[in-house]
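A.B. asks: Residue numbers (my numbering), protein chains in the order written: chain A, 105 to 399; chain B, 105 to 399.
Derived by calculation from the structure, the hints in this document are not laboratory data.
Hints may contain errors.
The list makes no distinction among identical chains, and a pair is therefore deemed to hold if it is satisfied within one copy or across any two copies.
[As the list claims (entries may be wrong)] When the alpha-carbon atoms are kept at most 20 angstroms apart in a straight line, the in silico SDA-like pairs for lysine to any residue are as follows:
hint	residue 1	residue 2
1	Lys237	Leu219
2	Lys380	Gly312
3	Lys380	Thr319
4	Lys237	Arg258
Protein chains: 2
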Amino acid sequence: MADVGTIRHATVVGVGLLGGSAALALRAASPSVRIAGVGRRQASLDEALRLGAIDTAHLDAAEPVGQTELVLLATPVAAFAPHLRALAPALKPGAIVTDVGSTKARVVRLAERLLGAGGPFVGSHPMAGSERKGVAYARADLFSGATCVVTPTRHTPDELTARVERLWAALGMRTVRMSPSAHDRAVARVSHLPHVLASLLMMLPQTGDLDVAATGFRDATRLAGGDPEMWRDILTTNRRAILDALDRFASDLSDLQGLLADGDAGDIEQFLAKAKRRRDETLAQSTPERRVAME
Amino acid sequence: MADVGTIRHATVVGVGLLGGSAALALRAASPSVRIAGVGRRQASLDEALRLGAIDTAHLDAAEPVGQTELVLLATPVAAFAPHLRALAPALKPGAIVTDVGSTKARVVRLAERLLGAGGPFVGSHPMAGSERKGVAYARADLFSGATCVVTPTRHTPDELTARVERLWAALGMRTVRMSPSAHDRAVARVSHLPHVLASLLMMLPQTGDLDVAATGFRDATRLAGGDPEMWRDILTTNRRAILDALDRFASDLSDLQGLLADGDAGDIEQFLAKAKRRRDETLAQSTPERRVAME
Chain A
105 MADVGTIRHA TVVGVGLLGG SAALALRAAS PSVRIAGVGR RQASLDEALR LGAIDTAHLD
165 AAEPVGQTEL VLLATPVAAF APHLRALAPA LKPGAIVTDV GSTKARVVRL AERLLGAGGP
225 FVGSHPMAGS ERKGVAYARA DLFSGATCVV TPTRHTPDEL TARVERLWAA LGMRTVRMSP
285 SAHDRAVARV SHLPHVLASL LMMLPQTGDL DVAATGFRDA TRLAGGDPEM WRDILTTNRR
345 AILDALDRFA SDLSDLQGLL ADGDAGDIEQ FLAKAKRRRD ETLAQSTPER RVAME
Chain B
105 MADVGTIRHA TVVGVGLLGG SAALALRAAS PSVRIAGVGR RQASLDEALR LGAIDTAHLD
165 AAEPVGQTEL VLLATPVAAF APHLRALAPA LKPGAIVTDV GSTKARVVRL AERLLGAGGP
225 FVGSHPMAGS ERKGVAYARA DLFSGATCVV TPTRHTPDEL TARVERLWAA LGMRTVRMSP
285 SAHDRAVARV SHLPHVLASL LMMLPQTGDL DVAATGFRDA TRLAGGDPEM WRDILTTNRR
345 AILDALDRFA SDLSDLQGLL ADGDAGDIEQ FLAKAKRRRD ETLAQSTPER RVAME
């Protein structure tokens with residue numbers, strides 16, 4: 105936790121729900137920190153100032169980064185390139201740069217190209233959020249108790265990765281280290297594919313069907329309520345890993361259609377029991393915090 | 105509600121979670137009712153007696169049904185045939201017979217064959233439950249606020265259907281009338297298919313993936329925790345409607361794979377936005393009770 109104490113000045117690029125929450129959490133962990141906010145829209149910056157999330161507001165990332173020990177990119181991933189280009193020449197030596205993007209391989213490739221491999225950039229994916237958008241919904245405890253994946257490459261010095269991990273730990277997160285592509289394959293299977301399936305499921309009901317919908321349908325389609333713009337970015341930047349996961353899923357689905365068409369009750373029960381066992385085991389092996397999240 | 109007052113004696117066949125809860129709810133709505141419980145295992149019957157769900161216990165459905173105005177079948181659907189055969193010759197004239205089974209076409213066909221078309225059987229599917237099994241978890245308010253689908257056939261007198269609807273309304277349920285096959289097609293799309301997808305989804309993660317699983321994965325796989333035996337019966341008795349829904353889903357999935365492979369961000373956003381709109385509209389059009397269930 106000590107590490108946050110060495111950050112006297114931080115810059116948050118993109119002061120929405122995630123950027124604003126990170127700013128509030130950082131301030132809670134280290135009350136004397138000064139925080140610069142960078143954004144495209146003055147109105148959002150003004151709101152972030154008013155809410156106390158940031159101390160100064162800037163339309164250009166180059167302005168504050170000369171005096172900052174930490175830059176956090178929290179805009180949509182599609183907007184990273186211009187900000188990285190702007191801040192690259194102005195960055196204070198020794199500063200660390202990280203982000204909150206939901207996909208990592210492309211982002212990390214881009215950041216290493218624009219800022220250099222081997223630092224100062226290390227990718228992060230704090231797995232927290234809300235269906236709400238905007239700094240008005242930011243909360244200092246948004247990240248608390250959740251997992252943050254930190255994604256160094258073979259060029260990243262271990263000490264730099266460790267500094268980024270200590271940062272998220274100071275904001276209350278459990279950290280997990282993965283390569284950018286391993287991260288993307290894992291989230292394709294446990295996050296992006298489920299989202300796609302929920303959206304597809306929402307297309308299926310015909311008139312009157314929803315009269316018989318109950319909590320099962322609610323749970324199975326909840327992800328389809330997510331923000332279409334944000335999910336468009338996720339699906340396009342992690343396209344290859346999601347297509348791989350969809351291929352595998354489509355093949356499993358086809359096997360199951362065969363199983364049902366055969367109508368062997370024993371085989372069907374075996375399939376259902378195996379899925380239940382995997383879910384029950386996942387719960388049993390989870391940490392208490394993750395267990396709560398799964399139940 | 106008045107109708108429950110005309111039931112002085114009821115028989116519940118299968119005193120588990122649903123049968124036990126129906127017995128408790130009936131007693132709460134009409135305190136003077138006498139309730140006979142029928143089951144295969146004396147231990148379950150003893151527990152139901154101890155909990156006050158039933159007044160008398162029987163291993164043979166023929167025993168109590170000579171004096172009963174209502175028979176409720178609440179065993180697994182696979183066990184309906186022997187019970188219907190046993191009670192058919194002993195049934196009191198004017199009694200109504202209904203059930204709580206999750207699939208209807210097969211059940212209704214069987215009951216009309218064994219008890220006669222045009223009464224006394226009308227199928228029901230009270231859409232309430234729990235992942236827990238057994239009379240120990242029975243609650244008088246299990247059905248309260250939920251939907252019950254009542255499934256008459258073209259042979260069923262309207263007055264008989266109305267009596268069954270009044271029964272469920274007296275237990276606090278909203279009733280919806282559908283043909284048995286329309287019911288089965290609708291639940292295939294909004295309940296059985298989601299269950300199958302949740303089970304398939306649970307098979308996908310590889311070692312380490314669950315480190316990055318969050319609430320989305322929890323919600324999307326919650327159904328996979330259901331009882332394999334019960335779901336085996338549902339998937340086999342509603343096989344044809346589920347296969348139709350799976351065909352349609354597999355075709356939609358294949359279209360989406362094409363959309364992602366093309367990588368057109370606009371098309372992808374359109375798909376996501378349409379799914380979100382359908383979900384938001386569903387919530388907006390729901391009754392307040394159903395809205396709570398969907399959010």
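A.B. asks: Is it within, between, both or neither when you check Lys380 against Gly312 at 20 angstroms Cα-Cα?
C.D. replies: between (30 angstroms within a copy, 19 angstroms between copies)
A.B. asks: Quick one: Lys380 to Thr319, C-alpha cut-off 20 angstroms, is that within a copy, between copies, both, or neither?
C.D. replies: Close inside one copy (18 angstroms) and across copies (18 angstroms); limit 20 angstroms.
A.B. asks: Between Lys237 and Leu219, at a C-alpha cutoff of 20 angstroms, which is it: within one copy, between copies, both, or neither?
C.D. replies: neither (29 angstroms within a copy, 58 angstroms between copies)
A.B. asks: Since the copies are identical, ignore which copy is meant and state whether Lys237 and Arg258 lie within 20 angstroms (CA to CA) inside a copy, between copies, both or neither.
C.D. replies: Neither, since 34 angstroms and 52 angstroms both go past 20 angstroms.
Hints 1 and 4, counting from the list given before, are not met by this structure.
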